[in-house]
Structure formats: C-alpha cells, structure tokens
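So you can see what is in the structure, the chains are spelled out below.
There are 2 protein chains.
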Amino acid sequence: MAFFRNLLKPSYSSSFSCSNSYSVLNKSKTPFSVSSQAPQIYSSFSLFSTQVTQYAGLHPTKPVEKPRVVVLGSGWAGCRLIKDIDTKMYDVVCISPRNHMVFTPLLASTCVGTLEFRSVAEPIGRIQPAISKEPGSYYFLANCTSVDTDNHTVHCETVTDGSDSLEPWKFKVAYDKLVVASGAQASTFGIRGVQEHAIFLREVHHAQEIRRKLLLNLMLSDVPGVSEDEKKRLLHCVVVGGGPTGVEFSGELSDFIKNDVRQRYAHVKDYIHVTLIEANEILSSFDDRLRHYAMRQLTKSGVRLVRGIVKDVQPEKLILSDGSEVPYGLLVWSTGVGPSPFVRNLELPKSPGGRIGIDDWLRVPSVQDVFAIGDCAGFLESTGKPVLPALAQVAERQGKYLASLLNRIGKAGGGHANNAKDVDLGDPFVYKHLGQMATIGRYKALVDLRQSKEAKGLSLKGFPSWFIWRSAYLTRVISWRNRFYVAINWLTTFVFGRDISRI
Amino acid sequence: MAFFRNLLKPSYSSSFSCSNSYSVLNKSKTPFSVSSQAPQIYSSFSLFSTQVTQYAGLHPTKPVEKPRVVVLGSGWAGCRLIKDIDTKMYDVVCISPRNHMVFTPLLASTCVGTLEFRSVAEPIGRIQPAISKEPGSYYFLANCTSVDTDNHTVHCETVTDGSDSLEPWKFKVAYDKLVVASGAQASTFGIRGVQEHAIFLREVHHAQEIRRKLLLNLMLSDVPGVSEDEKKRLLHCVVVGGGPTGVEFSGELSDFIKNDVRQRYAHVKDYIHVTLIEANEILSSFDDRLRHYAMRQLTKSGVRLVRGIVKDVQPEKLILSDGSEVPYGLLVWSTGVGPSPFVRNLELPKSPGGRIGIDDWLRVPSVQDVFAIGDCAGFLESTGKPVLPALAQVAERQGKYLASLLNRIGKAGGGHANNAKDVDLGDPFVYKHLGQMATIGRYKALVDLRQSKEAKGLSLKGFPSWFIWRSAYLTRVISWRNRFYVAINWLTTFVFGRDISRI
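In order, the protein sequences belong to chains V and G. First residue of the first sequence: 1, per UniProt numbering; consecutive thereafter. First residue of the second sequence: 1, per UniProt numbering; consecutive thereafter.
Don't take each hint at face value.
Stated by the list, open to error - Derived EDC-like pairs: lysine to aspartate or glutamate, alpha-carbon spacing no greater than 16 Å straight-line:
{"no.": "1", "chain 1": "G", "residue 1": "269", "chain 2": "V", "residue 2": "134"}
{"no.": "2", "chain 1": "V", "residue 1": "269", "chain 2": "V", "residue 2": "229"}
{"no.": "3", "chain 1": "V", "residue 1": "269", "chain 2": "G", "residue 2": "134"}
Hints listed in this document are in silico derivations from the structure and should not be mistaken for laboratory results. These numbers come from a predicted model, not from an experiment.
Next up, chain V with everything else stripped away, as it sits in the complex:
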C-alpha cells in the first residue's frame, strides 16, 4: 500500500515482527519497529535514550518523492499555512496535541452558551482535506519534544490522555521544510495560585470548564445550607485581564446574567456579580473614545471595573497588591501570553521577549529550512523591526505569506531539504494592521479600523459595529458548516435563550 512507503519497514517477516511489536507493546507499552533502512537517521538517537531503542517514524523523502512540510501546531498561523500550501507540490504533516483549530474570537461566547463549543472548532482534516486522504500527508496527535536541525528531524511524543491501555510513545519525522507554529501560553507572572485555581480562556476545554463551573455554582447556591456570604462568593465571577478577551467574556457574562439567569435561576439572580480587574487600562490598544464607550457600557450592564494588581490567588479569594481581598466563585485569567516551555528550550536564537527569532522572510536564519510564525515567533533584533503583537490576524497573515513563499520555493525547485539556498525569496513579509474588533455584550461592539493607535481612521461603536463584527467573523477561515452552525446558534440563543444543561 503506497501510504506505507515512508514508514519504517520491519526487517523480519511480517507476522513475527507484528507479534514481536505486539508483545513488546504489551510488556513495555512502547511500540517500536526494527528497521534495516537509513541507519543515518538514528545517529541522534543516543540523545534521547540510553537504551538501544530505535524509534519508528517518517523517513527523509527521496528526490523523486514530494518534499515534506512539517507544521508544528494547529492554531491560526499553522492552519492558514496548511490551508494555502500547494499539496500537489508538497506533502503536509501536521503535528499538534489538538486536532482542530479554535476560532478564538468566538470562544468567550461559548462559555455561557451563546454558541456551542463545536461551532468554534474546525477539524484539521477539513481545513486541509489532503491530510485525510493523501497517502503522504498526515495529522499526528502528538507533541514535538525537540528539533534536530542538522538532521532535519523532529522528535515527537504521542498524546494518549483518555486511553487507559496505552502509554505515550516516541517517534520521529524527517522534514524538508519545518514550520514552527506552536503558539504561546498564558502568562501567570509568577503569581502563586493562578495555575491551580484560575481558568484560562484559550482552548475549548477551558471554555467547557468555565461553563460547567458557572452552572455548578448557580445550582449549588440555591441548595439549603448555603449562607448569604457563601452565595455571594459562589456567584462572584472575577475576570483578570482587561484586553479584548477579558472584556468580551465579561460582556457575555453580564448578558447571560441579565437574560438567562433572571429567567432560569430566578432564586439567586440578585447574588450574581461580575468584576473585571486590570492592572493598567482596559482595551489599551483601542482608540480612547472606544475605550471610554466600552467602560461605560460594561459599567451600565453591571460589570464592576477595578484597577488593581493581583498578588496572590487562593482557592476562595484573591489578594490585590493593596492588601484588599476579593472572594470569588469563578476566576478567569485572561492576561497576556508568553513563550511556552517548548519554545524556551529550543536552541535557536530568540527575539526580544523570548520568541523564536525570525528574519524578514519568517525564516530562522541560522539554520536551513526552518521557519516560525504566529505567537511563537518574533523578529530578531537585527532586523530592526519590532516584535508583532500576539494577535490572530498577525498569525493568519504570516501563515498566508509563508504558504505562498513555500509554494514559490517549491516551484523554483527548492522544495527538498537543503535545496533552497539560492532561490529568490521575493518580497519580505510586511504586516499591515487592519484594525481590531471587540464585542462588549449583546448588540454592542467596538470596531477600530485605524492602522495604529496614533493614526486617524474609522472607529465605530454600538450596534453597527456589532453587525460588522459578526459578519466579519463569519467570513474568516471557518468552513461553511461552522458558519452555518454559528448563525444557527446565534439565532436560537436569540429566540430560545441560552442552553443551561450542565454537560
């Protein structure tokens, strides 16, 4: 079968090796195959294990085969690249612990049931059908543990949570071109207790956790035996971080309270409150008029805006730097992002701020055939360009640019490893800020279409911008299926109210 051609073939008879692998799997839970091919791929295996273990994986491609682009990550940057790359020219291998892209601008809406989780998730296989069907293209549910740039190989480990019969195992993938798009992680600023007690808002499982906890607190606060103070604490929702994510979530929450809690949890509707804590200015990257509008609207809808710095987080309250205590039942942490441990451990030059350093063409210039895009990448100081903000539109634009650059390289015959040294790369990547949008509750949003904070330009607020916001989102990278579902979700929420099953 053609699609096995790159998998390491066992050198024993197939029945023996199968049972050998199977029995080894049973004993040690680490499947491996013995290979007689391409010994040079294992020169680095001693870096990973003192055992004489050889990992399975994908071979380097032969000159007659399609070159292979390996993409680490399944976010805005990686998925845009996967979508736009020419799969007649390249095989694509996507390696990520998450098999879908999350449409992050709509994530806050899923926490309270305005939208369903599935409506904001787009499976990789639908973004790039070749991954589902083509013999040489794959999606691997795994994390990359390290990159061997000399040997053009990434080392990976599978994700097996949810399986009680499988331990994770390691494998390797040889690449012709590597694109690191592994994203960033939420910053906790070293504050104790954040990881244990707060919930971030970057993934669908965060949104699910928030939703379940909110509904649990609403139900428990109605059970006999809860004191007044406990009721108020349980139903106090605190959001830390006044950027678009925190503001959007506060807006959704206050809308949920005004409409659905009033009807469906009438017994406790007077106890539930929302507080938004920000160290500086909320929505600091937006136009001043829009910011003041947002603050007025949030305050009008019942959100308490507090300027403060969180110093300590405990199971039932947080402590601000001025010593005041804030009891909470639900704590959502939506401050900025920073480099992940994977990025920090990569032995590649870094940009200011610790991201993977890239040049004007989004390459990692110190090695061959490695690129980086999205939140994990930043211009090297030597380029003279500032590190771009960690925004979805930056990531998406970089993914689009890099796909066309790789297609260009492939057309010029530079697709295979170490072949792109003399290819004309064309124009460097230039980011033009198209403005930004944020929603602040039902029917209200901000649309800031200026190219920078200082520039003049169109900025809208209120219902017209809410309408623009909704339309713009619906036209982005989401599939028709999800566009349909998002529209249906919005319609049913409008007609029937949000769903409150604690699932």
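Keeping the supplied structure of chain V fixed, place chain G upon it in accordance with the hints.
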C-alpha cells in the same frame, strides 16, 4: 423575600449567623444554620451523625401553604411527572445529580457525531418553568441518601464535583408527597473488569467518553510506531448487549465508518471493525421477521455478530466463556439494567427483581404519601401483575398517570401530608404497549407496533420505518428548541458529514 419562607432561619442576628456559618464553612466545609424552629424535624438527626449537627433544609409546609411534591430523579418518569403536575396546586422540588433529562433513544447518535450532545439534553428548568421562577419550587443538584417515611423527610447530599473549594454538604427536605423516580443502573453481572474498562451508554457523559476515545484511537492508529496488530486492536470496537441500545450504537458506528472514516481517516479505514456480542438473541423483544432483517442489515454494513457470554474484561481484551479472546480498543457495555444501590438500601418492600414495590396506583402501599415510577419501581407480587420492562415509554406513561393522580388528590383536598387516606384514587394504572422502534444505521429502522410478542399487528422495516422513527421521536417530550436542533443536526450531518473535533 417570600421564597426564603421555608428555609430555616438562624436564630441569631443575621450578621453574626452569616459570619458564623461562613467561618464554619471555611473550617469544616459543612455549612449549617442554627435553628430555633420545628425541633421535631431533628428527632432523626442522630441517625446521621454522632455530632450535634443540625442540617439546613426545607420545613414541612403549613396548611395555608401549597403542599410540596418532592421528585427524586430527572429521567423519563420524573420529568414527565414534573411537566404534567399542576404547579398552581403544588410546589415541586426536584432532587437529582443531573440537571437535565437525556433523550435516550437519540443518545447512540451522539457518540459518533450524528447529533450533538446538547441536542439530546433537556434542562429541568425548561421542562417545568415553575422550578426556575416560583418561590417554593426548586431544583437541587444533589443525591438522596435516605428516606424517613415516618417524618415525611428525605435526606440529601449535594454534588460538588468540579469545585475545588467546596465539600459536599447534607440537607433535608420535608415532603407532602414523595415520588421516587431514581432509575436503574447498568448490570455488570458481577463480571470483573466491566466497571473499570467498559463504557456504559446511558448518560451524556458516557456518550462523550465514547466519542473522545473513538477519535483518540483513530488518530493514534495513524501515528508511526503502531504495529499492524495494535492498529487492528485499537480500531476494534466491541459492543456487548444486543438490545435496542447496542444495536443502534453498532448501526451508528458502522455508518460512521462507511461514510466519515472513509473520507477523514482514509489512512486507517481498512482497520476499523465493529463486533456485537450477545448472549441470547439480538432484539429479542422484536418480531422475528424484524430481527432477521436487522441481523442481515447489520452484517451487510460490516458489523460482526457474535453469540457469546463475556466472562472477564481486561484492559486490552475480553475473554468469552468458551475461552476465546477478543482484543478491543473501545468497549461499550449496553446490557440490561438492575436496581441501584440507593434502591437496594431503601427499607421498603421490593418487587420480584429487587425494584421498589408498588401497587396498582403506583403507590408504595406500606407507607403514606410515597410513590415510585420508572425503572426503579415494579409491581408487588401481591398485585398479580408482572414487573414492567425498563423502557422509556413505560416510565413516561407512569409519570403522566401519576401526575394526573396527584392532581386529582390535590383537588380532593388530599394534597398535604397524611391527608390522602380517604381520597378516591380512580382507575389504576394500566400499561398498553404501543410497540417499539429501533434504528439500525442510516435510513433503516424497525418499527414493531404489536402490543406483545405474540400479538399480530403492524411491523415495518427499512426506510419508511426510519422516517416514522424520526418523526415520532421529534414529537416526544423534547422542547421546540431541541426539536429544532435535532433536525438541524441531522441536516448538517447529511450535507457536511459528522463533526470530528475531539472536544
């Protein structure tokens, strides 16, 4: 505030008692209030604790107040009763660890993504709006731990999974009428390993677990390092139990394989298989012709039918009584049901089979004001009637009957505790089997409209019955919102294929 009128009021000043309760909550995680009222309610407290702890709860109702019906459970029986009871006459308190009803006939479809989980769940608050809004009606997220029939009180404990800041606590609810509708649990027949390694198919979280595991196995089987045997094992889905649930799930799974796996997991589509294991005959309660049709269709769609008895379940294989081993990657257990530990521990007379014994009017005849319906209840031997099968339509019919009986009692002035002794109860409950339906994959179903196995009557198969099946389900107790969503889900599955995000 009127809705506090039945809650125990602390006898101290409110600030002292609040802080007292709060500080006690902090220390011992057990909130309680000191009460100066109704000491007789606590005569039984010593049964529950050697501490001098008094639980909070709902008082017995006063003669001028509405009598209170307490319903344990949120399944077919309990929800139908809650829906039909006259809330102008009664306050309704529903106590259940689950805040929604599960539309079980459609549950199998959610495992593979034909339908979304939320489309088959109906929140209690929407089934009976009085629970959300009326001061004296409640839904409590809790389990009933015991029933004190002499004092007309149920003792409960909250469910706090998902909260890291709250321990469960106890409370009591006094009832005028008690309806036990707590359902049954899946039978494991004492077979070792079932609880640990198999997944049942009765709740939404079971369906979620099945779906995640199925997608995990599909993705992992494509990663380098998996031997042929491992791939086959991982992708071998075994269903134990040939009743409607098992057959429907096998049918859905084989449809998923033929359509979605073929397109979206093309690399491994030849490895995935389904085996249905049944000890006797599949669909034994259906007409013979329909049974043979079902077996032919299942076999044609690739399901392997095996007659066997499972003797032992291990993490990666199960052992049949004839000694043969069946390796599996996903094991779904959908055999019969039996009495739950709660029912077994109730000190009330039992029916044959161990359910709560009821008379012709669904009362527990040995005590006052206690009724039982659904899977947890069975006719006492003295009635001469056989225990009814554990079917949704039996439960629903009993819920409907009992609601009208309670309404009748209430109208005759017998609503309050111990007041119903002389009320004329009218006709006893009679169950008339309206036939049954089962689906066996895309566009095929069985509709057996005979009243019993021996009777003659209409029995249909194939596409016409599939259409009837779909229409009939859409007209049942589901709300308009979920009818809409179910129809939308079916439409999008037909147009776009199933969703495969591993969420």
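Taking the hints in turn, this is what the structure says about them:
1. G:269 / V:134: 13 Å, holds
2. V:269 / V:229: 15 Å, holds
3. V:269 / G:134: 13 Å, holds
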